[in-house]
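2 protein chains.
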Amino acid sequence: MLNFEFKNPTKIIFGKGQIEKLGNEIPENAKVMMLYGGGSIKTNGIYEQVKNALSGFEVVEFSGIPANPEYEILMDALKIIKEKNITYMLAVGGGSVIDGVKFLSAAALYTGDTPWDILKNAIKTEKGLPFGTVLTLPATGSEMNSGAVITRKETQEKLAMGGPGLFPEFSILDPEVVKSIPERQLANGVADAYTHVLEQYMTYPIGALLQDRFSESILQTLIEIAPKIMKDPADYDAAANFMWSCTMALNGLIQKGVPTDWAVHAMGHELTALFGIDHARTLAVIAPSHYHYNFEAKKEKLAQYGKRVWNIQSGSTEEIAKAAIEKTVDFFHSLGIDTKLSDYTSAYEGTAEKVSERFTERGWLGLGEHKTLAPADAEKIVKMSY
Amino acid sequence: MLNFEFKNPTKIIFGKGQIEKLGNEIPENAKVMMLYGGGSIKTNGIYEQVKNALSGFEVVEFSGIPANPEYEILMDALKIIKEKNITYMLAVGGGSVIDGVKFLSAAALYTGDTPWDILKNAIKTEKGLPFGTVLTLPATGSEMNSGAVITRKETQEKLAMGGPGLFPEFSILDPEVVKSIPERQLANGVADAYTHVLEQYMTYPIGALLQDRFSESILQTLIEIAPKIMKDPADYDAAANFMWSCTMALNGLIQKGVPTDWAVHAMGHELTALFGIDHARTLAVIAPSHYHYNFEAKKEKLAQYGKRVWNIQSGSTEEIAKAAIEKTVDFFHSLGIDTKLSDYTSAYEGTAEKVSERFTERGWLGLGEHKTLAPADAEKIVKMSY
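If you read the sequences in order, they're chains Y and A.
Going by the numbering used here, the first residue of the first sequence is number 1, and it counts up by one from there.
Going by the numbering used here, the first residue of the second sequence is number 1, and it counts up by one from there.
Derived from the structure by calculation, the hints contain no laboratory data.
Do not rely on the hints blindly, as some may be mistaken.
For chains that are exact copies, the list does not tell them apart, and a pair is met inside one copy or across any two.
[Stated by the list, open to error] Here are the computed lysine to any residue pairs in the SDA-like style, where the Cα-Cα straight-line distance is at most 25 Å: (1) 127 / 28; (2) 7 / 88; (3) 327 / 184; (4) 383 / 297; (5) 16 / 207; (6) 322 / 260; (7) 11 / 206; (8) 16 / 5; (9) 307 / 224; (10) 120 / 374; (11) 16 / 44; (12) 11 / 25; (13) 11 / 163; (14) 21 / 8; (15) 179 / 3; (16) 299 / 322; (17) 307 / 327; (18) 127 / 6; (19) 51 / 73; (20) 327 / 316.
Sequences and hints are given; from them, build the entire structure.
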């Protein structure tokens with residue numbers, strides 16, 4: 001097991017009817033900005049619940065944060081935060097809204113030239129403007145971690161940021177929100193959380209027995225609830241397990257003491273930046289090729305995953321590992337998620353080279369758990385994903 | 001799944017050579033009281049490491065906190081804390097020392113008549129004197145939770161306390177300490193953590209799929225590492241998994257969203273108070289009888305545990321559930337831990353009645369996950385454990 005540090009101070013308030021507790025979590029006299037996305041919260045009742053819970057606070061609303069939160073739009077919000085002396089933010093949405101609010105949390109207190117530096121120079125935020133979240137879309141785990149990914153349309157870039165100052169102070173997780181989520185986004189949520197676990201697990205054995213079992217627990221739970229949630233998102237118990245699994249998949253716990261990969265995300269982000277493909281679907285496109293390409297380095301963990309998660313008991317390590325990749329592809333397909341780039345765009349030629357070039361430009365010369373995956377490897381993997 | 005709230009702000013610093021980071025975690029100018037037990041830290045090198053890491057701080061030492069931390073001794077420490085205006089405490093030890101420091105954390109800021117009230121009236125501590133820990137004995141999980149159990153010799157009582165103000169600010173977990181722990185205490189640590197998980201898991205199914213799997217993960221890991229750690233406590237990977245499993249067994253995570261039992265602890269504490277039997281061993285005495293006595297209510301979870309943790313695949317629910325209890329007893333025996341009260345004392349007659357009387361006196365009329373286990377039931381369970 002590797003040495004590690006772990007601290008996660010976010011307060012989780014989980015369950016039915018918990019949104020009404022919101023007011024108790026925000027400091028009295030706070031000047032609140034409530035941020036949300038495209039307005040789905042106005043049709044599913046969450047907007048009403050949140051507004052009621054915020055009665056007594058001075059609230060400024062900012063809506064229209066899109067999937068893959070855009071720098072330009074967030075800069076508009078930042079202007080209002082400064083003009084109105086906002087002291088607390090409330091993100092009401094999924095990972096995109098919460099990530100956008102994290103950027104604003106950092107940017108509001110940033111004293112450098114331009115907040116873009118926070119992303120470009122990967123500046124760690126030690127202290128941000130405080131914020132809480134009401135989660136409306138289980139997927140990214142952003143509700144209980146301190147990381148964010150921000151997109152800049154004009155340069156077709158998608159960059160990560162974070163720091164210990166960017167944990168939500170609280171997050172309200174009411175599984176009843178799941179029933180109004182469209183099928184496409186439910187599928188994305190399951191695939192996103194599933195791949196988050198794989199990025200922290202599908203490396204090489206390092207004797208971290210408990211972390212491995214926790215990762216496998218999340219994968220098994222997602223496999224178990226996926227068909228239920230896709231069939232009936234009003235199934236409360238399935239929704240609750242879905243929601244909690246997504247949070248636990250990326251709240252830092254399972255990555256402690258183990259090597260992590262994250263190359264699937266690095267390549268996937270480029271596909272979103274270039275083609276606008278849903279984040280989760282880019283992961284489903286890249287992951288199988290990535291595991292085939294890095295088969296020798298990952299086969300022991302692939303086989304452990306095959307045995308424990310997919311119950312494949314017979315065959316050599318190689319055979320079980322290969323079968324495990326196929327099971328993963330089948331699982332994505334069972335969610336209605338395609339796993340080839342050509343399923344999403346006919347303009348895929350040249351993508352692999354472009355991804356490779358971008359990695360080279362950014363100096364990303366060694367990705368993955370061994371820091372040895374070069375831009376040329378990424379090029380081959382993306383090509384295998386066509 | 002039940003509604004829940006979860007917040008655990010303790011910073012974990014885990015791994016080899018981490019004790020030297022201590023100084024960074026304590027506020028500058030803090031007046032530190034360093035508390036420890038019987039002096040084993042002076043022979044295994046931990047005392048030296050801690051003292052070196054504390055150079056530059058004003059430090060008062062308080063040693064001699066015994067297993068089952070005693071109220072009278074802690075009151076001596078409290079006097080010094082007040083006389084010397086201590087602003088920060090550092091617990092160097094296992095659960096007893098850490099629990100003792102939690103009591104002091106609460107007592108130092110308590111403004112009522114006598115700190116005994118905190119225990120007697122189960123007063124929740126919202127804010128305590130800040131403290132950190134250096135864990136020397138994996139077992140209780142106290143290093144990452146906000147609860148404590150304190151003993152009062154003169155009245156033969158053992159009572160619980162806690163509150164959100166009693167989380168350690170940080171805990172340093174260096175698995176290298178495990179190699180100098182005597183066999184008896186290693187066995188106790190494994191059995192203690194194992195039973196902690198059972199108390200939060202062996203109830204009835206409530207559709208909390210992920211929590212169940214996390215609990216099973218900890219049990220499986222403890223089963224896997226127990227023979228390794230008993231044979232060779234210098235096996236670093238086994239020690240690291242042992243240590244992290246003990247912490248995760250009682251840091252609050254696996255109990256969220258599920259019913260919990262804790263009747264085994266309630267009865268076990270009485271056996272420690274009456275006979276001085278090691279805490280973990282009292283749990284191993286009570287648990288099997290408790291599960292047999294409450295078999296009908298617990299058989300579904302017992303069978304799930306039998307299948308998933310012990311891989312018992314054939315038989316009816318009842319048969320698998322019964323076999324799972326036997327496997328649990330065998331596991332305790334494999335650690336060298338006896339599971340009958342008569343193995344520890346010949347003066348066991350009358351114990352069951354005494355436990356029952358004490359529960360009645362304290363108004364503990366309904367324990368367990370259904371709050372229906374009456375003193376008369378406890379009497380029968382303790383008698384079954386003779």
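Going down the list of hints, with the structure as the test:
1. 127 / 28: For residue 127 and residue 28, the Cα distance is within 25 Å both inside one copy (20 Å) and across copies (20 Å).
2. 7 / 88: Both, since 22 Å and 20 Å are each at most 25 Å.
3. 327 / 184: Answer is within: at 21 Å inside a copy they meet the 25 Å cutoff, but 45 Å across does not.
4. 383 / 297: For residue 383 and residue 297, the Cα distance is within 25 Å only inside one copy (20 Å; across copies 56 Å).
5. 16 / 207: between (38 Å within a copy, 15 Å between copies)
6. 322 / 260: within (21 Å within a copy, 41 Å between copies)
7. 11 / 206: between (31 Å within a copy, 23 Å between copies)
8. 16 / 5: between (33 Å within a copy, 12 Å between copies)
9. 307 / 224: both (16 Å within a copy, 17 Å between copies)
10. 120 / 374: within (21 Å within a copy, 63 Å between copies)
11. 16 / 44: Cα proximity of residue 16 and residue 44: one copy only (15 Å, versus 50 Å across).
12. 11 / 25: Both. Shortest intra-copy (9 Å) and inter-copy (22 Å) distances satisfy the 25 Å Cα cut-off.
13. 11 / 163: Answer is both; intra-copy 17 Å and inter-copy 15 Å each pass.
14. 21 / 8: both (21 Å within a copy, 19 Å between copies)
15. 179 / 3: Answer is between: at 17 Å across copies they meet the 25 Å cutoff, but 41 Å inside does not.
16. 299 / 322: within (8 Å within a copy, 38 Å between copies)
17. 307 / 327: both (11 Å within a copy, 24 Å between copies)
18. 127 / 6: both (17 Å within a copy, 22 Å between copies)
19. 51 / 73: Classified as within; 23 Å inside a copy, 53 Å across copies.
20. 327 / 316: within (16 Å within a copy, 31 Å between copies)
Consistency with the previously given hints is maintained throughout, with no hint failing.
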